[in-house]
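K.L.:
So you can see what is in the structure, the chains are spelled out below.
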Amino acid sequence: MIFDEEINQTIRYMKPSGIRKFFDIAATKKGVVSLGVGEPDFITPWHIREAAIHAIEKGRTFYTGNKGLPVLQEAICAYYKRKFNIDYAPKENVIVTVGGSEGIDVVLRALCQPGDEVILPTPAYVAYAAIIEMAGAKVVEVDLKEEEQFKLTPEALKKALSPKTKAVILNFPGNPTGGIMTKEDYAKIVPILKESGIFAITDEIYAELTYEGKHFSLAGFDEVKDRVIVINGFSKAYSMTGYRVGYILAHRDLIDMFNKVHQYTIMCASTPSQYAAIEAAYNGDDDIEEMFQSFRQRRNYIVRELNRIGLKTHMPQGAFYVFPSIRCSGMNSQDFCEKLLEEENLALVPGDAFGKSGEGYVRISYAYSLDEIKIAIEKLEHFLARHS
Amino acid sequence: MNELLKLIENNARYEVKDLAACLGEEDDTIGKQLEDYRKEGIIAGYHTIINWEKADVEITKAIIFVSCVPERVAGYDKIAERISRYPEVESLYLISGKAEFLLQVNGKNMREVSSFVAHKLAPTDGVNGTETMFVLKEYKKYGVSFFEGEHDDERLLVTP
Numbered sequence: 181m182i183f184d185e186e187i188n189q190t191i192r193y194m195k196p197s198g199i200r201k202f203f204d205i206a207a208t209k210k211g212v213v214s215l216g217v218g219e220p221d222f223i224t225p226w227h228i229r230e231a232a233i234h235a236i237e238k239g240r241t242f243y244t245g246n247k248g249l250p251v252l253q254e255a256i257c258a259y260y261k262r263k264f265n266i267d268y269a270p271k272e273n274v275i276v277t278v279g280g281s282e283g284i285d286v287v288l289r290a291l292c293q294p295g296d297e298v299i300l301p302t303p304a305y306v307a308y309a310a311i312i313e314m315a316g317a318k319v320v321e322v323d324l325k326e327e328e329q330f331k332l333t334p335e336a337l338k339k340a341l342s343p344k345t346k347a348v349i350l351n352f353p354g355n356p357t358g359g360i361m362t363k364e365d366y367a368k369i370v371p372i373l374k375e376s377g378i379f380a381i382t383d384e385i386y387a388e389l390t391y392e393g394k395h396f397s398l399a400g401f402d403e404v405k406d407r408v409i410v411i412n413g414f415s416k417a418y419s420m421t422g423y424r425v426g427y428i429l430a431h432r433d434l435i436d437m438f439n440k441v442h443q444y445t446i447m448c449a450s451t452p453s454q455y456a457a458i459e460a461a462y463n464g465d466d467d468i469e470e471m472f473q474s475f476r477q478r479r480n481y482i483v484r485e486l487n488r489i490g491l492k493t494h495m496p497q498g499a500f501y502v503f504p505s506i507r508c509s510g511m512n513s514q515d516f517c518e519k520l521l522e523e524e525n526l527a528l529v530p531g532d533a534f535g536k537s538g539e540g541y542v543r544i545s546y547a548y549s550l551d552e553i554k555i556a557i558e559k560l561e562h563f564l565a566r567h568s
Numbered sequence: 095m096n097e098l099l100k101l102i103e104n105n106a107r108y109e110v111k112d113l114a115a116c117l118g119e120e121d122d123t124i125g126k127q128l129e130d131y132r133k134e135g136i137i138a139g140y141h142t143i144i145n146w147e148k149a150d151v152e153i154t155k156a157i158i159f160v161s162c163v164p165e166r167v168a169g170y171d172k173i174a175e176r177i178s179r180y181p182e183v184e185s186l187y188l189i190s191g192k193a194e195f196l197l198q199v200n201g202k203n204m205r206e207v208s209s210f211v212a213h214k215l216a217p218t219d220g221v222n223g224t225e226t227m228f229v230l231k232e233y234k235k236y237g238v239s240f241f242e243g244e245h246d247d248e249r250l251l252v253t254p
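From first to last, the protein sequence lines are chains A and B. According to the numbering used here, the first sequence holds residues 181 to 568 in order. According to the numbering used here, the second sequence holds residues 95 to 254 in order.
Quick caveat, the hints were computed from the structure, so don't treat them as lab data. Hints are not guaranteed to be accurate.
To be verified - Capping the alpha-carbon separation at 25 Å, the derived lysine-lysine pairs in DSS-like fashion look like this:
1. A/K261 to A/K405
2. A/K394 to B/K100
3. A/K263 to A/K363
4. B/K155 to A/K554
5. A/K554 to B/K202
6. B/K202 to B/K234
7. B/K155 to A/K559
8. A/K271 to A/K261
9. A/K195 to A/K346
10. A/K492 to A/K209
11. B/K100 to A/K492
12. B/K111 to A/K554
13. A/K405 to A/K344
14. A/K261 to A/K238
15. B/K155 to B/K126
For reference, chain B alone in the conformation it holds in the complex (with noise of 0.2 Å):
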């Protein structure tokens, strides 16, 4: 059923019976998968993809390196659970490389962005430094480019 997975990750908004059509399944039975899917948390959640730019609101939005010494038993997985459960960190990822955590960090502002980090991020069990870059424009997002023209359709109405 990677199929429908991969339907609703490119749109979240098809209806089960298009959903249904598209897979010559009945819509039952692509109803009840998806019913599955949520209660096993394969499905985690549903967003919208927003230009903010373009809707001329501010947000910041910084990218954060995070070093840190792991835990005995749990390794990584406690630091990270620490973190995740800021509401300001919108996705964290354990990386190979010059740190150990990748955070994209949300804020109203600079200012809220910055005293996000030193005054709960930084001071957090386990981490010993973080490296804080802010995004100065988004270009593309969940494979969503924002420039204009990319996906006009060029074709001719009628050709052979």
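Next comes chain A alone, as it looks inside the complex (with noise of 0.2 Å):
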């Protein structure tokens, strides 16, 4: 490569994404089944396109103000209110945000310094290590274990805490484990965090998807409310991904230093898309409610089937994924894809395209229509035939 000296070092070393080069593989393919893909087959409610179609229509097409829609902004903070009961003032503590992604840059990068270390509960979604990094921090990593539900546990937390400690990333319901953290799961670890001081960014785009039962913020608790970051977005809940509309609730002080370094980044999130926004904020519970049935039944389905064929699978809590374990192949979670898509057509996401912790699993994503998930077991069952 000839920039190799001249480029910023972080950036050349940093590895491409693990699921990036396994895209790349698959798509020289024809015919592939995939159930490797991290965001839900629903179409967006007709309502919400609509209300992003009048706003073109309306010319509705400019910059909006920094942090949002004010509009946008109050939507945001009934709906923590109305569903997770926690307080958000919409003129102090909220920025909307380019998607989830663009919420966990700004944080990342208005609070870490070189020498600064971020927590990072692994195996986790690719771009959280990526984007520590670029902040100029190191990554602490913490195996979340099977055995312990890809929980994070005070015991765990305790070991990986340094006096240079800036931040822990947590993603409950998660990315790729389908793990989730209860009000009685945090309330070991608050103490902890209160101690130690340190921030906690919980990224809670899949809050939605939390099936046994209600998802709880470690918003909630007030006694770290300050310190706590909140991501979260439309993307999951409402099926809007492609909208790419996230925001973050935070401490007021925080949100004005936030929101320096997202108005010189990228002004505003798509104003369109924050119109749909307000329509799924207001009007998308039924929406919800009905995909999240869906979702439900599909995790019932697969889990069922996938230990029919002999891969043993726990039941995830959360999110549209399971991640079992695929040693009863002998074979690493690279290998188990590349073969599979070789000889059955079938894209995975090998595990440790999520961390060094995953190795040794595969992410399935369940956001697929029943005859989609059907085919992909047929697939599997006879791949595991020949390789267990």
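Build the complex from these two chains, which are given one at a time in their own frames, with help from the hints.
P.N.:
What follows is the structure, given as structure tokens:
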């Protein structure tokens, strides 16, 4: 590479996403069946799409304020109050971002200085580690374990803490494990957060996909709320991934700092998309319920089927992924997925794409129709019959 | 068990074992539940949604408003029962507004439907007026759109 020496060395040595690599292989093949997608399969409900179209028709296509449309800020706060009973002030505690992803970037860049450490429980969504590094901080991985239902335990958190720790990233319900943290689980780590004084960045993008009981937000603990930064968005709950609308909820002094990064980076989130999000937040509860039921049915189905064909799988409590161990095959994650793609034309995502601790697992998405899942299970069954 | 009914309302072809897996129940439990629903008439029948135009089969469908006078004790139910017996009547609703009943009527061609209205429906006891609107094209039926490309999966093969 001719620019190797000149380019930012963090970028130069950053590993390309393991998912990207896998996508490139899959894209060369024809007729691939995939359970590898990290977004819902439902088309955005029509009334939400129509709101975006209406905004464009009416010429609502100018920049909005940096923090987003006031009506959307209000809608987001009303939503957090209604669903999780947490109070945020529309004018002080909210920034509307370009998807949850931008929120994560803005927060980490605003918080981190060279030498800082950020605790990242893994396996984790691929962007966290990259963004931490780009923000100049160091990733400290904590292994989430299958036998602990991929929850963050107080012991593991304590062990990872150091005087340099700036923040911990929490993503429950989580990608790729489907693991959740209940109020009781959080109660065990809250004293550690309080004592250490670190920030907790909680990515709650899968909150609406919590299958047993209701999602509990870490921000619900008043004693740490000032240092809890909530990332959420419209992508997963309303099937609005392509609209790119997310948000940050945090203490107003933090929001002011985050807004500096946000305004100079992207100015504001897409205006028609913000109008669509207003419609979703106010009139989308029924859509959430309908999609939620479908996801729960598919989860029940796929877990039963995976166990039937000999892939021991725990029932995940959230999101739309199962994360079974593939050790019975004697292969590592990459080999397993590459062979599966080669022999059965079925694409899954190798677990090590989500961090070292994901080795020995694969991520299977059930954001697909039952018919598609059925075909995939059949392929997987044939494959396992030959390889275990 | 509304969840079960909703599942099969949208897709009658699910097998019992699939329904049981989706709902986290035993196969036998779901099998018996379905049997009970059939016996009780909660599950009243099964149909296939066919795009006849695409099959190049000509059928004629009409929407018909029917005005009538209610009977003293039975109200509208008796007349409705009488009208519903005709096999030409695909669906029949009591409605609010300009008429009492709304019918969907099927026939092989316009003449057959017209003849049904003139010789069977209009002379029915209690019926005192009809208004027939022929269907020119079907775009959506039972929640299924006949427009192409509406349900294509445009997602990338693998995403984070």
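K.L.:
Looking at the structure, which of the earlier hints fail to hold?
P.N.:
Checked against the structure, the hints that fail are numbers 4, 5, 7, 10, 11, 14 and 15, while the rest are satisfied.
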